[in-house]
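Engineer: Sequence:
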Amino acid sequence: GGCTPCPSGLSWLPASVIKVSMCLILALGLPLNGLGLWVFCCRLRRWTETRVYMANLVAADFLLLLSLPGALLGREQGAREGPLCRVLQSFYYVNTYVSMGLITAIAVDRYTALRFPLRARAWRSPRRAALTCLALWLLVSGAVALWASLLPADENFCFGRCHTRDTRTLAFSLLFFFLLLLVLSFCSGQVLWHLLRERTRASPQEAGRILKALRVVAANLATFVLCFLPLHVALMAKLVAKWTEATDPTIQHIADFVRVAARVANANCCLDAISYYFVATEFQEEVPTSSTPHSPLLQFLLLAAPSSAHRSLWKPACHCPVGLCPGAQ
Numbered sequence: 033g034g035c036t037p038c039p040s041g042l043s044w045l046p047a048s049v050i051k052v053s054m055c056l057i058l059a060l061g062l063p064l065n066g067l068g069l070w071v072f073c074c075r076l077r078r079w080t081e082t083r084v085y086m087a088n089l090v091a092a093d094f095l096l097l098l099s100l101p102g103a104l105l106g107r108e109q110g111a112r113e114g115p116l117c118r119v120l121q122s123f124y125y126v127n128t129y130v131s132m133g134l135i136t137a138i139a140v141d142r143y144t145a146l147r148f149p150l151r152a153r154a155w156r157s158p159r160r161a162a163l164t165c166l167a168l169w170l171l172v173s174g175a176v177a178l179w180a181s182l183l184p185a186d187e188n189f190c191f192g193r194c195h196t197r198d199t200r201t202l203a204f205s206l207l208f209f210f211l212l213l214l215v216l217s218f219c220s221g222q223v224l225w226h227l228l229r230e231r232t233r234a235s236p237q238e239a240g241r242i243l244k245a246l247r248v249v250a251a252n253l254a255t256f257v258l259c260f261l262p263l264h265v266a267l268m269a270k271l272v273a274k275w276t277e278a279t280d281p282t283i284q285h286i287a288d289f290v291r292v293a294a295r296v297a298n299a300n301c302c303l304d305a306i307s308y309y310f311v312a313t314e315f316q317e318e319v320p321t322s323s324t325p326h327s328p329l330l331q332f333l334l335l336a337a338p339s340s341a342h343r344s345l346w347k348p349a350c351h352c353p354v355g356l357c358p359g360a361q
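Numbers in my numbering are just positions in the sequence shown, counted from 1, shifted up by 32.
Incorrect hints may have been included.
The following label-pair restraints were derived from C-beta to C-beta distances [to be verified]:
{"#": "1", "residue 1": "R153", "residue 2": "L258", "range": "26 to 36 Å"}
{"#": "2", "residue 1": "S48", "residue 2": "V265", "range": "42 to 52 Å"}
{"#": "3", "residue 1": "T279", "residue 2": "E238", "range": "58 to 68 Å"}
{"#": "4", "residue 1": "V215", "residue 2": "V265", "range": "14 to 24 Å"}
{"#": "5", "residue 1": "G174", "residue 2": "S235", "range": "24 to 34 Å"}
{"#": "6", "residue 1": "S235", "residue 2": "V265", "range": "36 to 46 Å"}
{"#": "7", "residue 1": "G174", "residue 2": "T276", "range": "24 to 34 Å"}
The hints are simulated quantities; they were obtained by calculation from the structure and are not laboratory data. Positions of the beta carbon are idealized from the N, C-alpha and C atoms, including for glycine.
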């Protein structure tokens, strides 16, 4: 169960590239997700199922970003394996897979609301959405904590080290991801097909709203696939290399592939801001306005100072635990 030594001197990937990419993700992701967390948890007045899911998604992305400095530190040779390093690595895994689970939950919520509108009125509520989020946090956290606690003492675990998840762990990660991808693709495909069909017979005003919904669903699906699929293809290659006892150069190339794909997956924290923008403008448009002085994107960035026409949607205080928001009604 120990770690196979890393082949040295074979990597084509400069360490500086990884560090620069992490710094860029942090520089973009922290302000975007910090703003999104503040908006969804503190500023919007009305709780909906979508808002509950989005608040948790922003929290997962923000917490994942907070673990990335640990990754930078772990890549320095002086960083030692220890409890703090294991906590940061566990933090990273939890928030990565919770983020994927929440994106899928949002897709399922949209699908049920569209496919079963009458039943969905009884099923869907902000409180049930919050309980779903809480269950997902507990499930993923428990799985990662169990895995970390059962690792042998000589098994490296921390960022930047030659840690190798055992075959069962890799297989479980891949199964979890591809199950989420299957559900997300089915739900998003059904929603897109339904919206496209409805748009052909909608009024011009309604067609504009349907087009916005199409963009939201398509952006969510594309972001998930582009960000997370390369990482899990890389992990699949890693699993095959373990089974076939590949040569050191092959193992090193796969390790570099995993590192690059992991940075692409981290970029999801920035790309999710597309969803924040669309949902925030949806909340804004719930109150009619006589004039719109700014573009929708600028309005989103200026949510800290809402116009008088929007003030009925806002509340002054912030009370939003990550898992279960008591403000949900």
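Engineer: Of all the hints given earlier, name the ones this structure violates by number, lowest first.
Structural biologist: Checked against the structure, the hints that fail are numbers 2, 5, while the rest are satisfied.
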